[in-house]
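Enquirer: Letter by letter, the chains look like this.
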Amino acid sequence: MSESLELVTEAPLFAGYQPVDGVFDELFAPLREPHAHCRPLVNELNRLGREELDQASRRAAQLLRDNGVTFNAYDEHGESSRPWQLDVLPTMLSRTEFQFLDTALIQRATLLEHVLVDLFGEQRLLSEKVLPPDIVFGHPGFHRAYHQLQPVGLRRLTVYAADLARSPDGRWWATGDRTRAPSGLGFVLENRIVMSRVLPGPFRAAGIRRLAPFFAQLRESLRESAPRFRDNPRIVLLSRGPDSATYFEDVYLARYLGYTLAEGGDLAVREGRVMLKTLGGLLPIEVILRRVSDDDCDPVELNPASLTGVSGLVDVVRNQNVVVANSLGSRLAETPAFVPFLRNACRFLLDEDLKLPSIATWWCGDPTALSYVLDHLNELIIQPAFFVHSTLPVDPSLMTNAAREKLIGQLRARPADFVAQERIARSTVPVWLGEGRVEPWHAAFRMFLTADGDSFQTLPGGLARVSPDRYLLDRSMTAGQRAQDVWVESDGPVETVTLLRSPDTPLTLMRSGNDLPSRDADNLFWLGRMIERADGAARVFRVVLQRVSGSEDETSEVYRGTLLRALAALGQIEPGFAVLGLQESMPDLEHNLPQAVFNTQESRSLKSTVQEVSRLADSVRDRLSLDAWRTLSKLAATWNLSGRRVSQLDSAGLSGLVQQTINSVALFGGLSNESMTRTQVWRFLELGRRIERVWNTATLLQSTLVTPAVPEQPVLETLLEACDSILTYRTRYLATLQAEPVVDLLVVDATNPRSLLFQLERIQEHVSHLPFAAQAVLGPDERLALSLHNAVQLAEPHELCRIELDERPTLDRLMQRLIDQTPRLSESISQRYLIHAGLPRRFGED
Amino acid sequence: MTKYRIVHSTSYQYSEPVPVCHNQLRLSPRDATWTQCTSHRLMIRPSPESIFRRKDWFGNLVESFSLDENHRKLTVTATSRVTVNPQTVPQPDQTPAWGDIATGVRERTVDDWLSVCEFIFDSPVVTRGSVFQEFASDCFPPGRPVLAGAIALTSKIHREFKYDARATTVTTRPEDALAARHGVCQDFAHVAIACLRTLGIPARYVSGYLRTIPPPGKTRLVGADASHAWLAVWGGAAGWIDLDPTNDCVCSIDHIPIAWGRDYSDVAPIRGVFIGGGQHTLSVSVDVEPLET
Chain P
1 MSESLELVTE APLFAGYQPV DGVFDELFAP LREPHAHCRP LVNELNRLGR
51 EELDQASRRA AQLLRDNGVT FNAYDEHGES SRPWQLDVLP TMLSRTEFQF
101 LDTALIQRAT LLEHVLVDLF GEQRLLSEKV LPPDIVFGHP GFHRAYHQLQ
151 PVGLRRLTVY AADLARSPDG RWWATGDRTR APSGLGFVLE NRIVMSRVLP
201 GPFRAAGIRR LAPFFAQLRE SLRESAPRFR DNPRIVLLSR GPDSATYFED
251 VYLARYLGYT LAEGGDLAVR EGRVMLKTLG GLLPIEVILR RVSDDDCDPV
301 ELNPASLTGV SGLVDVVRNQ NVVVANSLGS RLAETPAFVP FLRNACRFLL
351 DEDLKLPSIA TWWCGDPTAL SYVLDHLNEL IIQPAFFVHS TLPVDPSLMT
401 NAAREKLIGQ LRARPADFVA QERIARSTVP VWLGEGRVEP WHAAFRMFLT
451 ADGDSFQTLP GGLARVSPDR YLLDRSMTAG QRAQDVWVES DGPVETVTLL
501 RSPDTPLTLM RSGNDLPSRD ADNLFWLGRM IERADGAARV FRVVLQRVSG
551 SEDETSEVYR GTLLRALAAL GQIEPGFAVL GLQESMPDLE HNLPQAVFNT
601 QESRSLKSTV QEVSRLADSV RDRLSLDAWR TLSKLAATWN LSGRRVSQLD
651 SAGLSGLVQQ TINSVALFGG LSNESMTRTQ VWRFLELGRR IERVWNTATL
701 LQSTLVTPAV PEQPVLETLL EACDSILTYR TRYLATLQAE PVVDLLVVDA
751 TNPRSLLFQL ERIQEHVSHL PFAAQAVLGP DERLALSLHN AVQLAEPHEL
801 CRIELDERPT LDRLMQRLID QTPRLSESIS QRYLIHAGLP RRFGED
Chain L
847 MTKYRIVHST SYQYSEPVPV CHNQLRLSPR DATWTQCTSH RLMIRPSPES
897 IFRRKDWFGN LVESFSLDEN HRKLTVTATS RVTVNPQTVP QPDQTPAWGD
947 IATGVRERTV DDWLSVCEFI FDSPVVTRGS VFQEFASDCF PPGRPVLAGA
997 IALTSKIHRE FKYDARATTV TTRPEDALAA RHGVCQDFAH VAIACLRTLG
1047 IPARYVSGYL RTIPPPGKTR LVGADASHAW LAVWGGAAGW IDLDPTNDCV
1097 CSIDHIPIAW GRDYSDVAPI RGVFIGGGQH TLSVSVDVEP LET
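Protein chains in written order, with the numbering used here: chain P, 1 to 846; chain L, 847 to 1139.
Quick caveat, the hints were computed from the structure, so don't treat them as lab data. For glycine and all other residues, C-beta sits at the position ideal for the given N, C-alpha and C. Some hints here could point you the wrong way.
Label pairs and their calculated CB-CB ranges [to be verified]:
#1 TRP903(L) <-> LEU433(P): 49 to 57 Å
#2 ARG954(L) <-> VAL152(P): 21 to 29 Å
#3 ARG954(L) <-> GLU352(P): 21 to 29 Å
Just a few of them, taken from the derived set where beta-carbon distance is under 10 Å, the chain P residues facing chain L [what the hints assert, rightly or not]:
#4 PRO133
#5 PRO140
#6 ARG144
#7 PRO200
#8 ALA268
#9 ASP298
#10 PRO304
#11 GLY312
Here are some of the chain P residues that sit facing chain L, going by a computed Cβ distance under 8 Å [unchecked claim]:
#12 LEU126
#13 SER127
#14 ASP134
#15 VAL269
#16 ARG270
#17 PRO299
#18 VAL300
#19 GLU301
#20 ARG730
#21 THR731
Using the sequences and the hints, build the whole thing.
Expert: What follows is the structure, given as structure tokens:
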């Protein structure tokens, strides 16, 4: 702490930093002296020096990339995600500043809570003329179903976020409220973790408050709100799904808070309760932390077109059999048109003055406000009155005359649909641009609160979005180019609280059970299949590529033909390819192979398969370890990168890619074998892999061995390679290649993890451990698994290799049976465990 | 005094089994100044474990139920008995000037402004607009009593619109019905409501039944009746007055209300979501039988 007394007027790191005249700087006071509370941080940063900071900056970017942190700029507009960019410099808030913000934000959250209680209850704000009825009854989001939906006393807001800006005089202003399902908490966590890793020194030296107690309180609030089983209620985080902009954060928060991640289709209303559909059946849910918009939560009573909600949910809430947080209808409190009335509402409801003022806002439905707005149009930004960012705010000063006239026409025609907001000269923060360049960028801040008893608790931290463009952030809080972590100066020694659990609470010992959502199980099953499909194809391609680029010899043509047939049978190349005369097709092979591999029109092509692996891995991201997910996501990234220049890809390049695929799958396999607990998650992943491998191996054997090649040795050798069994074979039989021992090794040798019998033994074991198994009568999946297992176990290698009229009929029949029956096995497992009922439909109203 | 027995039966048939459905019904006639519902019975096949009853924001009775078992057919039959008393409709010329109503509600100065003001804003189906102003302006010269203007408006709709059951659907918007000058009772009511609200006059949507009187010499056809829709306009101290643009009349003993709200979306008789089902067909029958006169 003694460093804080040093004077750092000649800060080398910030020597070139030029704060903007006339705006507040968060780090430097006038005369380029750091604010007192920033001195330890500045000192520590100076000690590190510019190169260390550059390195930290690169490491931060790397960490965020590795963790797959993506972000969507305009989160309500479905723009494609881009990597999250975190600036390596933090924003510091002093203890006193935070104290002020804490008090003021708690008051603001309390006010909005009371506004909701009133509007969904007595409506004194209307009868006493504090709010005009236009913005309540005329609000398209005021579903009448929200009125008196939940009992008095139950919290309306469990999470609240305020967007803030600081004016040149250092005062704070609220630029917006978020009361629906505020986003950003996941990013705050991720930012903090990254910052503490890349700048451990400054992180310690700055003496800042920890975030974990806030999240512990959030969990506590949700737990307490449960209608029953308050000691350990089942809570889910209801996400809009992998296509939604906040999915990364949903996954992150669900995992951090320890809740099941669910989508609308995972939940169902049965017997008046909300149930989670799991492998083991339906499990009742007590609390839903929702990321789905209010109106989309229930197609029966709210927006009938919604596919993200749960049919019948509103009735369950009404009967107090489930709690939704934030409460349904809470979105109303963030209505931009409410802002001009909050000052009076605060006096009216709380009998206090509003401590944190809103930025000047005019609701154009008021004729006086409208005429002011029309007179000062170029100084204001215009946005929709009812829904935050249903369309982005517009800036009339940047418009063409024609566009401005059109806007004026809209304002006059439907004034009540618009609000106008003053612009603010936002404060700046130093942003590290690398190699010593530090520039002042403007900042928008998002602060978070969570319910705490009758009051709220403020997160001692936050999210800063920064931009060199002083107006960009007025359009959207999320528009900035980078984020900064907000650090709050600690009151004393930093307490170390971990969210994980209070260490003295005794825990009930448990094993993960059958509460895996069916959709997750389905995705895991297919992930297993796709991974195996990629591996199987990659191994065959590797063999083919070795032969294509290898030295020519007289027998090569024989096995090339056979291999092409195998590739065609596996769906990797067009069947026509294989039957063409070898002489004609061979010259094209080098050109055509990459084309086939990258053909995403073909669903079984290697690239399509890898893409599918990546999509499935994303959708079960919360079920995989970070390492496992990262392995697959990197593989997909490599493929996407190489895909950009397919035409230039030679067979060496393709070999590299194929090899990398095999390595990644092996790595993933190792991780899942060694690190995954043997729950249903693991079992479905495994089942998928085993079933796919049966199909794959049977197809390979049928396409290569049923019609014996002459000579057959090269085919046998490549087959053993493709099935990763060459080493075992050589150990046993040295260099002598014969069909019978090969078939023995690949079909009936239960000690070979690549043999068909080995797969079928595993499959049988897995299906017998599924939730409904082991009942008096075998299920169709169990019966099928058993019959395939027995057929292979009873097969006799000598008989399988018997040749009759230039063919091996017994082998053909057995392989055909496996090829036909494995899809049926897959279907019967799906039907028993995985299929859920499909999309909800509406009655054609009469 | 007239008593009616009303049987409203709706049935859905599916080509594939439906494992789950959730439904909300608004099928119970509601008490109004001139009607009283003396009994209401609901029969649902297959029968649900429980039916949950509540009043909605507008005071309509909502009955909701779920089915969790496979079914290929769902039948909902509501049987109600209603007593109707002839009402005295206010004299149109005795109602306040429409401009005073509009100003009084907008400026929150008339009695009851709080309870009626929500019926001057846009609602899910009805959006105010200048086309409605143009259509309605000759019915509402300055100073005209509100009910006189509203009757003129509904007469104008009756006169200029063609009744065509095939031209529109439940989701047709009033501006489209106005442009095409055709539709059914629901469209006529929506258009009238849109006109009134554009002028700032509170107007609400009413769903209900209409007693049909068979032509002379014919017997009443059982089940040939239909559910009907009209609107109510707010006449200040005179309260809500129901008007039927389809039949160009002020509602009296022949109209039996079920529910009211801002527009059709607030009062749809059956709202629900089901899963599966393949193709489905719907049949509805309504029978309004006078019990004694």
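Enquirer: Look at each hint and say if it fits the structure.
Expert: Each hint, compared with the structure:
1. TRP903(L) <-> LEU433(P): 49 to 57 Å: 55 Å, holds
2. ARG954(L) <-> VAL152(P): 21 to 29 Å: Cβ of ARG954(L) to Cβ of VAL152(P): about 26 Å, so the range 21 to 29 Å holds.
3. ARG954(L) <-> GLU352(P): 21 to 29 Å: 26 Å, holds
4. PRO133: With a minimum Cβ separation of about 5 Å from chain L (threshold 10 Å), the hint on PRO133(P) holds.
5. PRO140: Holds, about 7 Å.
6. ARG144: It holds, given that the least Cβ distance between ARG144(P) and chain L is near 4 Å, below 10 Å.
7. PRO200: The hint is violated - PRO200(P) has no Cβ within 10 Å of chain L, the shortest such distance being about 53 Å.
8. ALA268: Holds, because the Cβ-Cβ distance from ALA268(P) to chain L comes to roughly 7 Å (cut-off 10 Å).
9. ASP298: Check passed: Cβ of ASP298(P) comes within 9 Å of chain L, closer than 10 Å.
10. PRO304: With a minimum Cβ separation of about 7 Å from chain L (threshold 10 Å), the hint on PRO304(P) holds.
11. GLY312: 4 Å, holds
12. LEU126: 6 Å, holds
13. SER127: At 5 Å from the nearest chain L Cβ, SER127(P) passes the 8 Å test, so the hint holds.
14. ASP134: 6 Å, holds
15. VAL269: 7 Å, holds
16. ARG270: With a closest approach of 6 Å, the ARG270(P) hint holds.
17. PRO299: 5 Å, holds
18. VAL300: 5 Å, holds
19. GLU301: 7 Å, holds
20. ARG730: Where the cut-off is 8 Å and the nearest Cβ of chain L is about 56 Å from ARG730(P), the hint is violated.
21. THR731: Violated. Min distance 55 Å.
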